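Student: Sequence:
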Amino acid sequence: MIANEFYTHTDPIFYDLPSWWHDETDSYGLAKRPPPEGWQAARQDIWFTLKPAERAMPAQGWKVHVSACTDNAERVLEAVWQYCVPLAIPFKFIPHPRTFLALNAKQAPRASSGKLITIYPEDEAELKRVLEELSVVLAGEHGPYILSDLRFGDGPLYVRYGSFRRRYCLQGDGELAPALERPDGVLVPERREPFFDVPPWVNVPEFLSPHLAARQTVVDPAHFPYQVDGALRFSNGGGVYTARRLTDGQRVVLKEARPRAGLDREGRDAMARLAHEAWALERLAGVPGIPRLYEKVTVDGHDFLAIEHMGGIPLYSWMALNYPFAEPSPTREAILAYRDQALGILDRVARLLDAVHERGVIYGDLHPLNILLADDGSVSFVDFELAADVRNESYHPGLAFPAFAPGRSKAGVAIDKHALAVLRSWIFTPLTSAAALDHRKFFGYLTRAERSFELPEGYGQRILDDLYITVGRSPDENAPYKLRLREVLSAPPEIAIDVPEPDWIKVRASMADAIVRSATPERADRLFPGGVEQFVYDGLGFAYGAAGILWVLSTCSDRRSPEYEQWLIRAARRDLQPLPGFYHGLHGVAYVLDHLGHRSDALAVLDRAMPLTSSLYGGNLFGGLAGVGLNVLHFAERTGDARFREHALVIAERLKGAVASGRLHGLDAPEHLRARHVGPLTEGGEPDAGLLRGWSGPALFFVRLYEATGESVYLDLAIRAVHRDLDVCRLREDRSLQVGADTRTFPYLENGSAGIALVVDEVLAHRADERLEAALGPLLRACGLEFTVEPAMLRGQAGLLAAMGCLSHRDPRLQGILARNLRRLEVHAVPFYGHLAFPNFSRLSMDVAHGTAGVLLSVSAATDAKAPFLPFLRRRGSAS
Numbered sequence: 001m002i003a004n005e006f007y008t009h010t011d012p013i014f015y016d017l018p019s020w021w022h023d024e025t026d027s028y029g030l031a032k033r034p035p036p037e038g039w040q041a042a043r044q045d046i047w048f049t050l051k052p053a054e055r056a057m058p059a060q061g062w063k064v065h066v067s068a069c070t071d072n073a074e075r076v077l078e079a080v081w082q083y084c085v086p087l088a089i090p091f092k093f094i095p096h097p098r099t100f101l102a103l104n105a106k107q108a109p110r111a112s113s114g115k116l117i118t119i120y121p122e123d124e125a126e127l128k129r130v131l132e133e134l135s136v137v138l139a140g141e142h143g144p145y146i147l148s149d150l151r152f153g154d155g156p157l158y159v160r161y162g163s164f165r166r167r168y169c170l171q172g173d174g175e176l177a178p179a180l181e182r183p184d185g186v187l188v189p190e191r192r193e194p195f196f197d198v199p200p201w202v203n204v205p206e207f208l209s210p211h212l213a214a215r216q217t218v219v220d221p222a223h224f225p226y227q228v229d230g231a232l233r234f235s236n237g238g239g240v241y242t243a244r245r246l247t248d249g250q251r252v253v254l255k256e257a258r259p260r261a262g263l264d265r266e267g268r269d270a271m272a273r274l275a276h277e278a279w280a281l282e283r284l285a286g287v288p289g290i291p292r293l294y295e296k297v298t299v300d301g302h303d304f305l306a307i308e309h310m311g312g313i314p315l316y317s318w319m320a321l322n323y324p325f326a327e328p329s330p331t332r333e334a335i336l337a338y339r340d341q342a343l344g345i346l347d348r349v350a351r352l353l354d355a356v357h358e359r360g361v362i363y364g365d366l367h368p369l370n371i372l373l374a375d376d377g378s379v380s381f382v383d384f385e386l387a388a389d390v391r392n393e394s395y396h397p398g399l400a401f402p403a404f405a406p407g408r409s410k411a412g413v414a415i416d417k418h419a420l421a422v423l424r425s426w427i428f429t430p431l432t433s434a435a436a437l438d439h440r441k442f443f444g445y446l447t448r449a450e451r452s453f454e455l456p457e458g459y460g461q462r463i464l465d466d467l468y469i470t471v472g473r474s475p476d477e478n479a480p481y482k483l484r485l486r487e488v489l490s491a492p493p494e495i496a497i498d499v500p501e502p503d504w505i506k507v508r509a510s511m512a513d514a515i516v517r518s519a520t521p522e523r524a525d526r527l528f529p530g531g532v533e534q535f536v537y538d539g540l541g542f543a544y545g546a547a548g549i550l551w552v553l554s555t556c557s558d559r560r561s562p563e564y565e566q567w568l569i570r571a572a573r574r575d576l577q578p579l580p581g582f583y584h585g586l587h588g589v590a591y592v593l594d595h596l597g598h599r600s601d602a603l604a605v606l607d608r609a610m611p612l613t614s615s616l617y618g619g620n621l622f623g624g625l626a627g628v629g630l631n632v633l634h635f636a637e638r639t640g641d642a643r644f645r646e647h648a649l650v651i652a653e654r655l656k657g658a659v660a661s662g663r664l665h666g667l668d669a670p671e672h673l674r675a676r677h678v679g680p681l682t683e684g685g686e687p688d689a690g691l692l693r694g695w696s697g698p699a700l701f702f703v704r705l706y707e708a709t710g711e712s713v714y715l716d717l718a719i720r721a722v723h724r725d726l727d728v729c730r731l732r733e734d735r736s737l738q739v740g741a742d743t744r745t746f747p748y749l750e751n752g753s754a755g756i757a758l759v760v761d762e763v764l765a766h767r768a769d770e771r772l773e774a775a776l777g778p779l780l781r782a783c784g785l786e787f788t789v790e791p792a793m794l795r796g797q798a799g800l801l802a803a804m805g806c807l808s809h810r811d812p813r814l815q816g817i818l819a820r821n822l823r824r825l826e827v828h829a830v831p832f833y834g835h836l837a838f839p840n841f842s843r844l845s846m847d848v849a850h851g852t853a854g855v856l857l858s859v860s861a862a863t864d865a866k867a868p869f870l871p872f873l874r875r876r877g878s879a880s
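The opening position of the sequence shown corresponds to residue 1 in full-length UniProt numbering, with each subsequent residue numbered one higher.
It should be emphasised that the hints constitute simulated quantities derived from the structure, not laboratory data. Just to be clear, a hint being listed does not mean it is correct.
Claimed, not checked - With a straight-line Cα cutoff of 16 angstroms, these simulated EDC-like cross-link-like pairs (lysine to aspartate or glutamate) come out:
#1 Lys417 <-> Glu393
#2 Lys417 <-> Glu494
#3 Lys506 <-> Asp525
#4 Lys506 <-> Glu494
#5 Lys63 <-> Glu122
#6 Lys128 <-> Glu74
#7 Lys63 <-> Asp197
#8 Lys32 <-> Glu74
#9 Lys63 <-> Glu133
#10 Lys866 <-> Glu494
#11 Lys32 <-> Glu78
Small disclaimer: the values here were computed from a predicted structure and weren't measured.
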């Protein structure tokens, strides 16, 4: 998943690029300065580019990055300007201080941290001159270490071989990668990792050899007496590792802090926060449940804390394993057993927090990932980098866990008390997305929790008293973020969901109104705000962008806008990233344009997409061959053009080989384009299964091809493909069949049970199959979960509701479950100018994959038997 935090600095309501956070008065002085005579200036995403008009830049080569900090950025920019302009050397820079802060934040991308300026030398000779001369000009300047680059000397200059302009190639999984050109002219993925690396055909210039040798110097064990066993996590500020002390084998946790990196919103770097942690652990020494601090070590300018390894699992994981409403139809006994355990845990957490305060420490970061629960039931706290002295009554932490932090409305010890109150609600209603936007959601959460878990009388009111949640009351109500939140969220929704007989037509209209209200047709990069993927996949595809949202508005609410459709047409004519796939590429855009009546524009997009199919090596429906095949079959039927049918048959042959080999990704790709893939789960633990990510997508394509040709071999292939998805499912104790292994399973539409169930139904409509018939009931049972953390269509409650609605003809008992779970969407809903909208983690989203459009589409499919669901799926039977 793409890191969200980088996109939260701009707007409290929606994800956005940091470059949209400002007006021109916020810029560095150089961004306001007219370009030199004969130079071209341009804004590109978060960068400001300056290039001599007469100078041609190579497509790739060695480039120089200049690092800086917030305190010297303006000075470094001026020095580089004064150096590069007389020599006609092109460069680009971050034009806004707050964008630069966001790029250096703790959760920002590690490979780009510290990069204030990029300089583009013409060749290796100019590279050498730039590095040598600028190192003198910038002597004494400082900045964070750029992990992806080779440092030149001990100053702020770094060097890396990479692309100078945007070029892309497709990987084996259908995803796009920044590309470099090999000597034979073939484009290959450019590695952008947080370590220095050069392509195999590139030699490091001789004059850089001493600097490379300095980087590769091994740390003397005498200066670092620990053996690292593994990494627990990384951030821009450093890593957290498991390790053993060499002297005695003592198991420890090592916390690393990089100098000047991993800034928080108060401007503190990782080393400053680690110093806070060391202070806090020393003051808390001997408190049961607080890890012991063994020592502080500094190596190569990085600080490390060696801390006691505390046993147990995060409270978040314990909740995920035990939460009763994560199962279909939990028993009262299971619910009350969870309640008793949760109340006991909360009591132990509160006592430990009191002990921390008694020692004079504000924890500052209490949330479910920082609370560990041991096998014996004891609790411990970890991660004290945001700690402070209790006497600091104005203290505000510079980092925050969504919903657990009160913003700037509270300070000092009140921050911990607020987080504890949120925890008391969260453990019974583990939702943070909507509450992070609107704390009024806690009223409903606590009312529901008191009823569902039979909590002690007054439980919810005591929490509300601690949270100080009173409508219209906020000590920082004039802060800019609070003003924006109040403007957008203050009006309650005009329609209710959690009532005995919801008016689903009005509910759907309210969601459509929210989507239309959010539109920004004046922007070229996006038409509607969505998830962070809109900034990766150009903002107009089906899953994350304008095309999918316009399709949903048209099919679910009969909303058409010539202005918005012209926006999509103009965007589709741009030089898009060459992604041919359906859900995030050209085929989805073509499908929607044709649906909206713009046939010629749709065919123009298809003409650009079809030649790319030969370089597409992923088989799934989301961005791979199955989605392309379904779309060209659709256009063959719509237009009668034989070339589309022929194209589908070629794709069928490639996917036939995939089914035989069991290889969904890579297929017949060259080795350099094959995505790393091992078994049914990807390296990140996400399953390659289900409707959009697994074999069910190719199966759906084979079903449609069987219908188009009458050739039974395609139905045979469809059955074999779905069987491959079933091979990675397991039957849980609740008798639901879900994708996954061990304790982590996936019921969702995108990569889990719900999507498989939809395709099983499609196959069984044409041929009986004993294994599919036996699986369908347990697959549908998984769709009946009363609770999911997110409301999203692809990976949340909405998609499960849609699947039940589409398949309710299979089991009449689904009707009652569906009606109940539809009403429970209310827990996720957030008002947006009085309309219903839905969040994606900590921000509202309007897109199909994660946001309001996806919920609208799902509710439509679940409540109207005549309403379409996703493209290429057929409706049968009746819905609720």
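Student: The structure should be examined with respect to each hint, and the outcome stated for every one.
Tutor: Cross-check of the supplied hints:
no. : hint              : verdict
1   : Lys417 <-> Glu393 : 13 angstroms, holds
2   : Lys417 <-> Glu494 : 34 angstroms, violated
3   : Lys506 <-> Asp525 : 31 angstroms, violated
4   : Lys506 <-> Glu494 : 9 angstroms, holds
5   : Lys63 <-> Glu122  : 9 angstroms, holds
6   : Lys128 <-> Glu74  : 25 angstroms, violated
7   : Lys63 <-> Asp197  : 13 angstroms, holds
8   : Lys32 <-> Glu74   : 12 angstroms, holds
9   : Lys63 <-> Glu133  : 15 angstroms, holds
10  : Lys866 <-> Glu494 : 26 angstroms, violated
11  : Lys32 <-> Glu78   : 12 angstroms, holds
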